[in-house]
Amino acid sequence: MRKSILLIAILGISFMVSGQAPWSNGKLKVSDNSRFLQHENGKPFFWMGDTAWLLFQRLNREEAAKYFQDRKEKGFNVVQCIFYQSYNDYNAYNDTAYAHKDLTKPAHTPGKNPENSEEYDFWDHADYITQVAAENGIYLAIAPTWGQLVLRDIEMTEEKAAIFATNIATHFKNKPNIIWLNGGSSKAEVNTNIWEVIGTTIKKNDPNHLMSFHPFGRTSSSVLFNAASWLDLNIFTSGHRNYEQDNTGLQYGEDNWKYVRDDLAKTPLKPTIDGEASFENLPHGLHDHSQVYWNAADIRRYAYWSVMAGACGHTYGENTVRQVHKKGENKAESGAKLDFWTAMQEPGSFQMQYLKNLVLSRPYFDRTNDQSVISGNEGEKYDRILVSKGSDFLFVYNFTGRNFTIQMGKISGKKVNAWWFDPRTGEAYALGTFNNTDTMNFNPPGEKYNGNDWVLVLDDASKKFNKPGIPLF
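The sequence shown begins at 2 in the numbering used here and counts up by one.
Watch out, some of these pointers could steer you wrong.
Claimed, not checked - Here are the simulated DSS-like pairs of lysine-lysine, each with C-alpha atoms no more than 25 Å apart in a straight line:
{"id": "1", "residue 1": "LYS338", "residue 2": "LYS328"}
{"id": "2", "residue 1": "LYS106", "residue 2": "LYS75"}
{"id": "3", "residue 1": "LYS44", "residue 2": "LYS468"}
{"id": "4", "residue 1": "LYS73", "residue 2": "LYS188"}
{"id": "5", "residue 1": "LYS75", "residue 2": "LYS267"}
{"id": "6", "residue 1": "LYS28", "residue 2": "LYS176"}
Hints listed in this document are in silico derivations from the structure and should not be mistaken for laboratory results. Here the structure is a predicted model, which means the values were calculated and not measured.
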């Protein structure tokens with residue numbers, strides 16, 4: 002145990018040397034234009050999330066320290082996790098959060114010494130995990146419960162929900178690195194009154210942390226809760242089905258940018274994010290292990306499409322990591338083939354930081370989706386081209402590397418500097434300086450195929466912006 006304490010001390014010192022904690026810029030809030038997140042001092046916050054739902058349940062102290070150090074190095078600043086998945090929840094030390102499966106009775110024991118099993122309880126371990134996340138500059142986006150699983154297994158009344166929400170909000174409210182995810186992969190139209198009570202109660206007891214609602218697959222929190230006072234930003238889950246498999250509801254298939262479009266058209270306007278797109282190394286459709294597995298190129302497409310459409314960030318997930326599956330310790334679900342520590346090094350997890358760096362390398366708060374930049378065919382399905390622009394720059398994301406034409410003059414400047422930005426490596430290559438008039442055809446490097454994705458970056462030459470991917474903030 003002394004080794005783990007020493008490791009945390011080293012991590013804490015490392016973070017202090019490398020830079021201030023994000024919350025030193027003030028608490029998170031919604032930007033004045035209601036489309037992004039920022040700190041109180043005005044610094045932009047681009048949500049770059051990882052998914053480790055069973056973090057509290059399956060990682061011990063040493064493993065948690067190792068996990069957060071890795072995610073910090075890869076540029077993640079949010080991790081989505083569940084505090085209480087079901088009444089069968091036990092953590093790595095065989096402790097549970099609630100006595101006798103009663104959500105109104107937290108299982109606290111006196112003391113919190115990790116070397117004394119009689120003292121160190123589930124809540125103490127949750128505090129430690131929250132602490133080590135903070136020492137790595139990472140917010141925990143916590144789902145208090147896992148949606149319908151808990152509501153099926155335990156008879157939940159509004160009174161019990163209020164007690165449950167009060168206890169968990171009071172416990173975490175003074176920690177700087179908390180975001181609340183009401184719901185937990187839930188159908189919002191079922192037990193809506195319970196979700197309202199949980200949301201309202203948490204917000205009443207903890208008004209200083211942001212809150213959203215993590216909905217069921219292929220739906221958005223905006224459907225029922227957009228006007229809720231406790232909901233600060235929307236989350237949609239574009240889900241895990243491909244175009245052919247998505248034959249119900251909206252039938253957006255893999256076009257997660259359409260959820261962004263829908264959310265940003267609603268009143269009141271709130272930021273939105275894809276909180277669960279297809280996971281890397283997950284079979285198409287989730288359940289049939291004989292299906293093709295989603296790969297890093299697919300994961301990049303979901304991330305860039307949603308952000309270019311106007312999302313305030315993105316949440317990545319890898320199939321093994323999201324369930325915290327460690328071989329020999331717990332059963333693999335949904336066709337997971339890798340061990341947790343191996344899966345943490347999959348290419349998609351490295352590549353997400355390049356998107357964050359790109360967006361933060363240009364002015365932030367005036368960025369909007371503007372498809373009028375495309376002259377001619379915007380494309381459908383994998384050929385779809387998405388454009389995000391500010392007053393003096395623009396990004397054009399192209400998943401297949403196909404030729405395309407843009408209408409110049411959509412940003413300021415007589416001349417524009419053009420770059421190709423590579424989402425696989427984060428490298429940017431100067432293309433030249435051009436007149437900002439008429440139309441211009443662009444042909445990305447390489448042949449046309451799914452996954453030969455590039456971002457065209459155009460800058461007002463007079464602004465003398467740095468190379469794309471070098472953050473301004």
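Verification of the hints:
1. LYS338 x LYS328: Given pair LYS338, LYS328 holds - Cα atoms ~9 Å apart, limit 25 Å.
2. LYS106 x LYS75: violated (38 Å)
3. LYS44 x LYS468: holds (20 Å)
4. LYS73 x LYS188: Between LYS73 and LYS188 the Cα gap is close to 32 Å, so the pair fails against 25 Å, i.e. violated.
5. LYS75 x LYS267: violated (34 Å)
6. LYS28 x LYS176: The hint holds at about 11 Å.
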